[in-house]
Every structure is written in structure tokens, then in C-alpha cells.
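Modelling step: build the complete structure from the supplied sequences, incorporating the hints.
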Amino acid sequence: MTVTVGLGPGIFDGRFGLANKKPAHLAQIPDLPSDNLAAATTGGDLSLQACADDPQVAYHAIRDLARMARGTATVRWTVLGFGRASAGKNQTTPRNLMGFKDGTRNITSDADYDEFVWLGDSAGWMAGGTYQVVRKIEMNIEIWDADVISDQQRVFGRTKVDGAPLSGGSEHTTPDFHAKAGGELKIDPRSHVSLAAHEHHGGVKILRRPYNYTDGLNQYGQLDAGLLFTAYMNDPEHFTRIQTRLGSSDRLNEYISHIGSAVFAVPPAPRAGEYIGQALFR
Amino acid sequence: MTEDRHDDGAGSGEHVPAPAPSGVSRRALFGGGLAAAAGVGALAGIGGSLAAQAASAPPPGEDIDLSASHPFYAEATKQPQGGIRTVPQRYCVLMTFDMSSTLTADLQVLLARWSAAIAQLQAGKTIGSVSPRTARGSAPTPARRSTSAPPR
Ligand code: HEM
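Chains as they are written, first to last, in full-length UniProt numbering: chain A, 1 to 282; chain B, 1 to 152.
Heads up, a few of these hints could be off.
Derived BS3-like pairs: lysine-lysine, alpha-carbon spacing no greater than 30 angstroms straight-line [claimed, not checked]:
{"hint": "1", "chain 1": "A", "residue 1": "LYS21", "chain 2": "A", "residue 2": "LYS205"}
{"hint": "2", "chain 1": "B", "residue 1": "LYS78", "chain 2": "A", "residue 2": "LYS205"}
{"hint": "3", "chain 1": "A", "residue 1": "LYS180", "chain 2": "A", "residue 2": "LYS205"}
{"hint": "4", "chain 1": "B", "residue 1": "LYS78", "chain 2": "A", "residue 2": "LYS22"}
{"hint": "5", "chain 1": "A", "residue 1": "LYS205", "chain 2": "A", "residue 2": "LYS186"}
{"hint": "6", "chain 1": "B", "residue 1": "LYS78", "chain 2": "A", "residue 2": "LYS21"}
Read the hints as simulated data drawn from the structure, not as lab findings. Just so we're clear, the structure is a prediction, and the values are computed from it rather than from any experiment.
As C-alpha cells, then:
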């Protein structure tokens with residue numbers, strides 16, 4: 001199992017005398033198009049993300065760590081994620097709750113990690129760290145399930161069975177955003193992948209590590225579930241840039257709603273005998 | 001969660017299994033047995049070795065190895081925390097917190113205690129008693145529920 005610790009903007013707001021140590025790009029994510037954020041699932045001064053192959057291991061770890069915070073910090077919100085919706089080395093691409101493969105085009109190479117995820121020497125005490133953006137995204141699963149597959153594929157710009165781009169080929173074929181059939185772009189310009197692709201964001205990429213979640217039934221008796229979207233990047237503005245576009249035009253918006261949001265600086269791992277963020281207090 | 005009355009040192013109250021020599025059984029993860037007192041930041045961090053893969057292993061990357069340990073402490077500068085580039089595991093629990101204390105020392109102690117505890121967890125061990133509890137060295141006050149944002 002792993003536990004990842006993040007420091008929210010509030011840690012640097014002056015309460016703790018750390019304002020001058022604030023990581024350069026740490027700031028609240030601005031209001032974005034289509035946002036439907038609830039206070040109860042937004043923000044936080046600190047974050048813990050425990051990941052494990054057994055949910056009980058992850059939950060137990062979080063309980064123990066939350067107990068240690070008593071008297072110092074209070075729980076703000078929590079989500080249990082399941083069925084990793086991203087793939088690592090040697091892993092096959094899993095599917096999210098909409099039934100599509102998620103994580104096909106993601107950051108995997110050392111060069112991309114260095115360019116888009118890790119903070120470099122200029123970040124000072126944060127060098128080797130990164131930023132974590134979390135979004136709790138509700139899915140309107142019952143409406144989605146009533147949609148025909150051809151339309152679902154148009155929404156994502158990929159096939160449901162193989163996850164291949166609609167421009168042709170197999171799952172890992174690079175999408176061709178210019179390919180046309182009968183005068184129309186094969187990949188709808190308002191599809192999720194077309195709007196999110198780095199080709200349409202000045203080459204900017206983010207590392208996505210989402211999980212599915214379910215909260216049972218909502219107040220209308222419908223399935224309450226979605227994606228715990230967790231992404232890492234060396235500047236949260238990269239998320240903002242992509243989501244600004246997605247939030248205004250994505251065909252997927254008909255079926256989803258961003259209800260939670262938070263951003264954290266994730267310091268590098270400590271050296272033996274030290275602790276996470278220790279450099280802040282020197 | 002906030003109603004939980006266990007003490008840090010008390011573990012989960014389950015019976016104590018013997019630690020497995022190589023790796024840790026799932027049972028061992030939940031026992032309160034390995035409650036070695038962990039001074040802040042004083043842990044070596046890297047415990048249990050990887051258990052040998054069974055001959056009939058599932059396809060690569062799809063197997064579950066509950067004994068896998070992930071080093072917590074950096075061997076070099078600029079080493080990232082775990083959970084970012086680590087091969088994705090099947091489940092996660094995300095929890096965010098608001099500081100209720102405004103003492104810098106409390107924040108410092110919390111990060112130190114969490115670090116020591118996470119080093120144990122990532123080594124496949126249970127969390128022992130990690131001290132001190134607060135900057136003032138006293139027992140923590142009972143958890144307060146945040147009225148603005150109740151946990152869901
Ligand atoms: C419930 C919400 C979401 C769902 C169901 C979803 C699903 C998907 C799927 C199925 C793909 C195609 C497979 C792949 O390349 O991984 C994809 C790609 C992608 N998504 Fe999302 N996604 C969601 C939200 C977001 C958000 C909020 C962002 C960022 C702001 C984002 C960014 C991306 C990016 C960058 C790609 C790769 C595009 C490419 O280069 O082809 N997604 N997503």
C-alpha cells in the first residue's frame with residue numbers, strides 16, 4: 001500500500017507563518033465552466049490518499065492516520081475509490097463506470113514525467129514533488145446507460161469495446177484529429193478526447209490516476225456514482241486549462257457533474273529520519 | 001470515524017498474529033501486534049521483502065500481492081512520494097482535513113507523526129504508538145465535527 005500526503009493552500013495562508021514558503025503554483029482552482037461544486041466535497045488544508053489492493057487495508061490506514069490528527073485537524077471530506085480507472089506499466093487498461101477504457105493515453109515515459117509531473121530544482125524545497133488536483137465527478141449513469149452505443153462512442157471519440165480512436169486503428173493507435181469521412185471529422189471536435197488531447201492544449205499533459213466511486217443511491221433513488229478524478233502535474237494551471245475547455249464544450253457534460261474539487265502540493269519523500277514537509281519549518 | 005475511541009497505541013483490538021517472515025499476511029496488517037514504539041522520523045521504513053510469486057500467477061500487472069512494500073524514505077534528493085508513479089492499486093481512500101489548531105508546532109507534529117506512521121504502513125506493518133500526540137505533549141481533545149462540512 002501507499003499513502004500520499006498533500007498540503008492545501010490553507011497551510012500557507014498565514015495561520016502557521018508559512019506564507020513565504022508557499023509553493024509557487026499552489027492556489028485554489030478557480031471557478032470553471034459547468035462546475036457544480038458542493039462545499040461538503042471541496043477543499044481541505046491537508047490530504048491523504050491511501051491506495052491498496054485491498055479496500056480494508058486502505059481504509060484501515062486512513063482511520064489510523066485520521067485518529068492521529070484528533071485535536072489538530074478535522075476531517076473535511078472523504079471518498080472510497082475502487083477499480084483503478086488508470087493503467088500502470090504492464091497493466092491492461094481498465095474501464096470506468098461508463099464502460100469505456102480509461103487511461104489509454106496517459107503519461108508513461110520518464111521524459112513526460114520530468115516535463116509534466118515532477119517539480120525541478122527551481123521549486124526549492126518542493127523539488128521532486130508535484131501538485132495533486134482532485135475532482136469528485138458525479139455520473140448520470142442511468143441516462144448514460146439509456147444512450148445508444150454509437151452516441152456514447154461519439155461522446156468520447158473512441159470505440160467502447162476496444163477503446164480505439166474513431167479515426168481508426170486499435171487502442172494504442174494515435175488518434176488522428178484531422179481524419180474525415182463524408183466531410184465530417186471522424187473524431188467529433190466536441191468529443192472528450194479531442195478537447196482533452198495535448199495536441200489541442202499547446203502540448204500540455206497531466207498524469208491521470210482516477211478511481212471509480214459509489215455513494216449508493218441519491219435523493220431521487222438513482223445510482224449515485226462517478227469518478228474520483230485524481231491528477232498530478234507540475235502546475236495546476238494545466239488542469240485548469242484543460243477543464244476550462246472541457247467544462248464549456250465537452251459532449252460528456254450531459255452525463256457528468258463536477259461536485260467536488262481540491263488542490264494540494266505534494267512534497268517529495270523525506271530522507272530517513274526526516275518527515276514530509278520538514279523543510280518548511282527550517 | 002470521528003466517533004472512534006481507540007487510542008493510538010491500542011491498535012484495532014484484534015488478536016495478535018505472528019508476523020510472517022517474508023511479507024505480511026493480510027491478517028498481520030490488521031493486528032495490533034507490531035506495536036513497536038515509533039519515535040518521530042526514527043524508522044528505517046523498509047520492511048517485509050516481497051513474497052515469492054506463485055507459479056500460477058495471474059497475468060502480469062493484474063495480480064494482488066498484499067505483502068508488497070513500498071519504500072517511504074527517499075534514498076536520494078528529489079525523490080517523489082509513493083502513490084503517484086507507483087503501479088495503480090485497486091482501491092484508494094482519499095480524505096481531506098482542515099486544521100483546527102493554529103499552532104505551527106501542531107502542524108509540524110502531525111506531519112511528523114503521519115510520516116512515521118506511513119513509513120510503517122508502506123513497509124506492511126501496523127502503526128504502533130507514534131509520539132508525541134500534540135505539540136503540547138498532552139492527550140488530544142476529542143474529535144470535533146466540522147459543522148460547515150460534515151464528512152460524507
Ligand atoms: C467522469 C469524468 C471523466 C470520464 C468518464 C473520462 C473518461 C475518459 C476516457 C474514456 C478517455 C479515453 C481513454 C484515454 O485516453 O484514457 C479519457 C481521456 C482523457 N481524459 Fe478524461 N474522463 C473524465 C474526466 C476528465 C477530466 C476532468 C479531465 C481533465 C481536466 C480529463 C482529461 C483527459 C485527458 C487529458 C485524456 C486523454 C486525451 C487524449 O490525449 O487522447 N478527463 N477520459
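If you draw a straight line from the CA of LYS78 (chain B) to the CA of LYS21 (chain A), is it 30 angstroms or shorter? Holds, at about 17 angstroms.
Can you confirm whether the C-alpha distance between LYS205 (chain A) and LYS186 (chain A) stays at or below 30 angstroms? holds, 23 angstroms
For the pair supplied as a hint, LYS21 (chain A) and LYS205 (chain A), confirm whether the alpha-carbon distance does not exceed 30 angstroms. holds, 27 angstroms
Take the C-alpha atoms of LYS180 (chain A) and LYS205 (chain A), compute the straight-line distance between them, and say whether it is at most 30 angstroms. holds, 25 angstroms
Holds or violated: LYS78 (chain B) and LYS22 (chain A), Cα atoms, limit 30 angstroms. holds, 18 angstroms
Pairwise hint evaluation, LYS205 (chain A) against LYS78 (chain B), where the allowed Cα distance is 30 angstroms at most: With a Cα-Cα distance of about 21 angstroms, the restraint between LYS78 (chain B) and LYS205 (chain A) holds, given a limit of 30 angstroms.
Every hint from the earlier list agrees with this structure, and none is contradicted.
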